[in-house]
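Q: Sequence:
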Amino acid sequence: MLIARLIADPAKLQTGLDAALAELKAKGLPAACAELLDANSRVLQIECPGDDMATLRAVIDSHFGQTDGLIARDEIAVPHLFVSDMDSTMIGQECIDELADFAGLKEKIADITERAMQGELDFRSALRERVALLTGLDEAAIQQCLDERIRPNDGARVLVETLKSRGCRTALVTGGFHHFADVVADQIGFERVVGNRLEVADGKLTGGLVGDICDSSTKQAVLEEELAKLGDGAISMAAGDGANDIPMLEASSYGIAYRAKPKARAAANGWVEQGDLTALLELLEIPREEWLGG
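Here my numbering runs 2 ahead of the position in the sequence shown, where the first position is 1.
Worth flagging that the hints you see were computed from the coordinates, not collected in a lab.
C-beta atoms are modelled at their ideal positions from N, C-alpha and C, and glycine is treated no differently.
Mixed in with the good hints there might be a few duds.
The calculated label-pair distances, taken between Cβ atoms and stated as ranges, are [stated by the list, open to error]: (1) G209 with K29: 47 to 55 Å; (2) K14 with R261: 14 to 22 Å; (3) L294 with D40: 20 to 28 Å; (4) D278 with R117: 24 to 32 Å; (5) E77 with G138: 50 to 58 Å; (6) K29 with K206: 39 to 47 Å; (7) D214 with D11: 41 to 49 Å; (8) E291 with A28: 34 to 42 Å; (9) E287 with S64: 19 to 27 Å; (10) A56 with G209: 42 to 50 Å; (11) A34 with R130: 24 to 32 Å.
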């Protein structure tokens with residue numbers, strides 16, 4: 003049985019649902035149930051027999067336009083673990099692009115970032131190339147960048163604090179840098195932070211990194227490590243927007259593509275496209291009066 007939950011434009015909901023149900027029936031996936039979670043909810047739940055998640059997702063995309071949604075193969079429940087990317091997911095910026103602006107290199111570095119997030123470049127080599135371009139930048143620019151440019155996305159703190167109140171373990175895992183991630187994690191409420199470390203000497207960036215690179219394999223490894231601590235049957239949720247998030251999204255119970263690049267969106271079974279991050283709390287059926295962190 004497949005269970006899909008989605009938040010759609012109310013103006014498109016009924017006509018979209020009628021067309022979607024007709025197409026699902028024609029494709030051999032007649033809905034067993036299609037109704038709002040309750041009278042006060044805007045979340046539509048559709049239940050279909052079988053395991054053809056790709057077809058169900060395609061039908062939803064075809065008839066409802068931009069939505070926030072989640073498709074699962076079992077009853078949807080609050081996860082025991084939440085692991086998230088940082089840049090363009092928990093915050094609205096790409097930290098290295100904003101930092102590059104202080105060196106007059108934003109356009110050049112942002113182009114490399116975009117290509118890496120689209121999956122067109124090897125992440126590790128693209129990261130090293132961008133960091134090398136920052137050689138000689140004053141370390142003080144990092145704090146200025148944090149103060150002036152870096153902001154959590156709407157709903158980020160409410161999502162994390164509410165999940166923690168339900169016993170969910172939280173980890174921020176980023177291909178970005180601890181200089182930024184440690185501060186962001188504290189602002190939003192994450193319990194663990196994994197990222198890359200910029201090398202600094204005499205108050206300036208050297209253009210190098212310290213220690214191992216945090217990349218897509220690291221993100222997946224952190225997810226699996228934390229799950230192992232929780233034991234069999236633990237439910238995981240991961241969120242990201244770029245190609246280097248794909249292994250983590252695919253390995254989680256609920257892989258959430260947040261306003262994501264096409265490859266990441268295709269790899270996920272959940273997505274946020276129209277609302278803010280609190281849409282995930284609605285999809286998990288956590289009552290609004292129990293949300294924290296606002």
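Q: Decide, hint by hint, whether the structure agrees.
A: For each hint, the structure was consulted:
1. G209 with K29: 47 to 55 Å: Holds, at about 54 Å.
2. K14 with R261: 14 to 22 Å: Since K14 and R261 have Cβ atoms about 19 Å apart, the given range 14 to 22 Å holds.
3. L294 with D40: 20 to 28 Å: holds (21 Å)
4. D278 with R117: 24 to 32 Å: For R117 against D278, whose Cβ atoms are near 27 Å apart, the range 24 to 32 Å holds.
5. E77 with G138: 50 to 58 Å: holds (55 Å)
6. K29 with K206: 39 to 47 Å: Given range 39 to 47 Å: violated, Cβ gap about 60 Å.
7. D214 with D11: 41 to 49 Å: Distance hint for D214, D11 holds at roughly 44 Å.
8. E291 with A28: 34 to 42 Å: This hint holds: roughly 41 Å between Cβ atoms.
9. E287 with S64: 19 to 27 Å: holds (25 Å)
10. A56 with G209: 42 to 50 Å: holds (44 Å)
11. A34 with R130: 24 to 32 Å: violated (51 Å)
Comparing the model with each numbered hint stated earlier shows that hints 6 and 11 do not hold.
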